[in-house]
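Participant: Here are the chains, one letter per residue:
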Amino acid sequence: MTVSATLLVCAVVLTFVGSVLVLTRSLTRVLMGIIICGNGVNLFVLAGSGPAGVPPLLYPGVPPETMSDPFPQAIVLTAVVITLGTTAFVLAMAYRSTQLTGSDFVPDDLSDRRVALRAELATERSQLRAKARAGETDRRSVRRSVRELWREQRRRLRDDRAYQARAGDYADDRWDDVLGADPESPPTPQDPPAPHQESR
Amino acid sequence: MNALVPLPVILPLAFCGWSVAVGPRLIALQRIASVTMLAAVLVVDVVLLVQADRNGPLVVHLGDFGPPLGVTLVADRLSALMLTVSGAVTLLVLLYAMGQEGSSRGPRAISFFHPAYQVLIAGVSLTFLAGDLVNLYVGFEIMLMASFVLITVASNEARLRAGSTYVIVSLVSSLVFLAGIALTYAAAGTVNFAQLSEQLAELPLGVRTLSEALLLTVFGVKAAAFPVAAWLPDSYPTAPAPVTAVFAGLLTKVGVYCMIRTETLLFPGNRLSHVLMAVAIASMLVGILGAVAQTDLKRLLSFTLVSHIGFMLYGLALGSAAGIGGAIVYTAHHITVQTTLFLACGMLEQRYGTTELTRLGGAIRSAPLLAALWFVPAMSLAGIPPLSGFLGKLGLIRAGVADGGAWAYAGIGAAMVTSLLTLYVVTKVWNLAFWRTAPLPDAAPAPARTEPASPPPLGRGATLVLTEPRQAAAPERALPRLTTAATVAAVLLGLAYTFLATPLTGVADRSAAELLARTPYIEAVLAP
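As they're listed, the protein sequences go chains C and U. For the first sequence, the working numbering begins at 2 and goes up steadily by one. For the second sequence, the working numbering begins at 3 and goes up steadily by one.
Calculated directly from the structure, the hints in this document are not laboratory data. Just so you know, these numbers come straight off a predicted model, no measurement behind them. Don't be surprised by glycine CBs; every beta carbon is placed ideally from N, CA and C. Incorrect hints may have been included.
What the hints assert, rightly or not - What follows is a list of derived Cβ distance ranges for each label pair: (1) C:Arg119 <-> U:Glu525: 35 to 43 Å; (2) U:Val52 <-> C:Ala120: 53 to 61 Å; (3) U:Leu396 <-> C:Val82: 42 to 50 Å; (4) C:Arg119 <-> U:Gly72: 41 to 49 Å; (5) C:Val82 <-> U:Leu205: 24 to 32 Å.
What the hints assert, rightly or not - Listed below are several chain C residues computed to face chain U (Cβ distance under 8 Å; list not exhaustive): (6) Tyr60; (7) Ile76; (8) Leu78; (9) Ala80; (10) Val81; (11) Ile83; (12) Thr87; (13) Val91; (14) Tyr96; (15) Thr102.
As the list claims (entries may be wrong) - Sample of chain U residues with no beta-carbon within 10 Å of chain C, all distances over it, derived: (16) Val193; (17) Gly208; (18) Trp432.
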């Protein structure tokens with residue numbers, strides 16, 4: 002089996018470009034990334050079908066050696082159709098995200114934020130301590146600052162928890178929450194929906 | 003009998019087509035048809051299991067094309083067992099979800115939930131039955147498309163965020179899967195499992211290992227094994243209870259199933275067993291340590307899910323008949339128990355309006371039945387005898403002792419620690435949510451400020467929208483009867499494994515022997 006170098010180089014470049022885009026925060030960019038990456042992988046599949054330019058036809062009188070392998074093309078066709086479906090889906094999701102939050106950015110997970118916050122506060126505290134040890138500030142003010150930091154951290158964690166708990170709250174009718182807001186009154190970006198408030 | 007093999011795929015798809023065509027009319031009929039369809043699938047699954055156990059693998063070449071060309075569906079013991087367990091669990095979850103459907107939004111719920119759910123089941127069934135890599139891929143994609151719909155239909159932004167993670171990770175892993183198929187086909191010239199198992203043996207070791215590693219990575223992402231599991235606790239907890247339950251029960255186990263299938267049939271000899279073993283041990287320990295740190299019940303359960311995937315991978319990594327048999331028993335047990343726990347958790351959420359452990363309490367007095375429904379599967383998850391978790395763990399640990407290597411003993415140690423920590427975690431939940439007195443309204447978290455004092459932005463998208471949380475636990479709501487009945491049935495199904503332990507382990511051991519022998523499968527598929 003001979004492999005076309007052009008196909009492989011194209012596949013590698015497309016996959017690389019697509020992967021970079023997938024790692025961004027904007028859903029629309031991620032969508033572009035998945036399309037490009039998908040095309041790269043499709044080219045990679047095609048590279049498995051041997052020399053290009055030969056017809057993949059199966060009819061009597063044609064010896065198999067003069068035919069291209071039709072199987073990778075069938076797989077690519079399947080993959081293209083599936084990519085089309087997922088493209089439509091991610092596009093709808095990006096649109097919905099814009100509807101709800103005013104942007105299509107994917108925010109951080111709250112637990113990740115907590116971990117990052119803890120690390121950040123720990124760094125600040127150790128810096129303060131280092132200063133005190135070096136004699137730049139007196140110990141009492143350091144102690145006060147550290148206490149402030151702890152209080153700040155606890156307050157933020159509590160806020161985060163309240164936010165996270167909100168995702169679990171829902172209205173009396175379970176499917177209200179599952180189905181989302183009524184299509185007749187789409188929520189505006191200024192007025193983010195709060196399911197548990199609707200229930201009151 | 004072979005004509006029955008495609009039915010678990012065709013019946014749900016047929017219902018989906020009909021249901022979409024009918025739309026939001028004829029609600030009662032659609033509900034009845036939905037349940038009937040799944041019950042029929044379950045009956046077919048049981049028949050397949052009995053037949054596959056008695057007569058060996060059942061094979062169907064669709065369109066009468068032979069193995070190199072056509073679509074092959076195979077139901078051997080492992081496929082049929084997984085189909086049966088998943089069929090029973092999906093039926094119960096469907097009943098549970100129907101119990102929660104509100105009357106006011108019934109038509110709209112019908113118009114997308116039931117079709118999407120049935121497509122999900124068709125995808126899962128196709129994955130279990132697929133006889134070649136491409137159909138496995140197609141099955142995965144059917145399942146994923148349906149799961150995307152189910153996980154992101156919610157319009158609240160937390161769910162959309164969680165859904166984005168899930169969708170992106172799934173799509174990327176699908177692309178890697180496709181690349182793996184391309185590589186395997188280009189090297190071996192076929193995608194049929196039976197033919198591949200013969201062709202792959204003649205390939206150079208490097209190509210085989212690359213193909214194996216690619217496939218294992220993809221299935222590892224699906225199964226949420228440790229290094230690639232971060233998406234799971236991130237995305238599952240925000241989905242509605244029935245959806246989370248069926249995802250937790252089935253989707254990760256589909257990944258485990260594919261690992262068992264490809265490792266035994268395509269890549270015998272277990273060359274990557276040390277890698278698998280390390281992944282298994284890391285999954286167990288990291289997952290359960292994550293669960294220890296959580297205060298939200300759904301997140302906590304998601305972390306135990308990651309952790310217990312490690313047990314199944316441990317059995318697979320051992321590679322002996324006892325190990326794989328233990329992994330199969332554990333998979334069957336875990337599908338049921340994890341689903342039941344999420345169902346009970348959903349009931350808790352529906353009744354008290356939250357799953358945050360700091361806000362729950364005293365549930366044993368106000369809802370003793372619910373407490374029992376949580377307690378039994380939780381103890382089973384921790385592995386208290388005589389529940390099914392104990393049987394699964396016992397099988398795995400015996401297989402580990404029989405293996406006797408240093409890795410096997412390290413795995414046993416990790417399994418013991420994980421079991422103890424699981425017991426700690428479920429006891430903590432029991433104490434906080436059920437046993438203690440309910441926290442006073444004052445003890446609830448103080449209202450968050452609407453303008454937070456500039457939380458550090460961790461990226462451009464990291465904005466927090468804070469609204470006033472509820473001051474105290476919501477007024478308790480009565481639970482629909484159908485929901486309760488479905489959960490009770492799920493708990494009973496979990497208990498039944500104890501009473502059916504002999505047949506269950508028998509089937510698991512026979513299917514492990516069949517998987518390791520490989521010839522029954524290959525002969526059945528390639529027979530003229």
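Participant: Now, for every hint given, state plainly whether the structure supports it.
Facilitator: Hint check:
For the pair Arg119 (chain C) and Glu525 (chain U), the beta carbons lie near 58 Å from each other, so the given range of 35 to 43 Å is not met. The given range of 53 to 61 Å is respected by Val52 (chain U) and Ala120 (chain C), whose C-beta atoms sit roughly 56 Å from each other. As the Cβ distance of Leu396 (chain U) to Val82 (chain C) is approximately 47 Å, the hint placing it in 42 to 50 Å holds. Evaluation of the 41 to 49 Å hint for Arg119 (chain C) and Gly72 (chain U) yields a failure: the beta carbon distance comes to about 57 Å.
Separation of Val82 (chain C) from Leu205 (chain U) is about 30 Å and conforms to the stated range, judged on CB atoms against 24 to 32 Å. A cut of 8 Å between beta carbons decides the hint on Tyr60 (chain C): the least distance to chain U is about 15 Å, and the hint is violated. Given hint, Ile76 (chain C) at the interface with chain U, holds; its Cβ is 6 Å from that chain's nearest Cβ, closer than 8 Å. Contact between Leu78 (chain C) and chain U, as hinted, is not supported at the beta carbon level, the nearest pair being about 11 Å apart and thus beyond 8 Å.
Because the beta carbon of Ala80 (chain C) sits about 6 Å from the nearest beta carbon in chain U, less than 8 Å, this interface hint is met. Given the 8 Å rule on beta carbons, the hint for Val81 (chain C) is violated: about 11 Å separates it from the nearest Cβ of chain U. Interface restraint check for Ile83 (chain C): the shortest CB-CB distance to chain U comes to about 5 Å, inside 8 Å, so the restraint holds. Of the supplied interface hints, the one on Thr87 (chain C) holds, with its beta-carbon coming within about 6 Å of a beta-carbon of chain U, less than 8 Å.
At about 6 Å, the closest approach between the beta carbon of Val91 (chain C) and any beta carbon in chain U falls short of 8 Å, and the interface hint on this residue holds. The beta carbon of Tyr96 (chain C) comes no nearer than 11 Å to any beta carbon in chain U, farther than 8 Å, and the hint placing it at the interface is violated. Interface restraint check for Thr102 (chain C): the shortest CB-CB distance to chain U comes to about 5 Å, inside 8 Å, so the restraint holds. Remark: the non-interface label on Val193 (chain U) conflicts with the geometry, its nearest Cβ contact in chain C lying 8 Å away (cut-off 10 Å).
Every CB of chain C is more than 10 Å from the CB of Gly208 (chain U) (nearest about 17 Å), matching its label as outside the interface. No beta-carbon of chain C comes within 10 Å of the beta-carbon of Trp432 (chain U); the shortest separation is about 19 Å.
Hint compliance for this structure: hints 1, 4, 6, 8, 10, 14, 16 are broken, all remaining hints hold.
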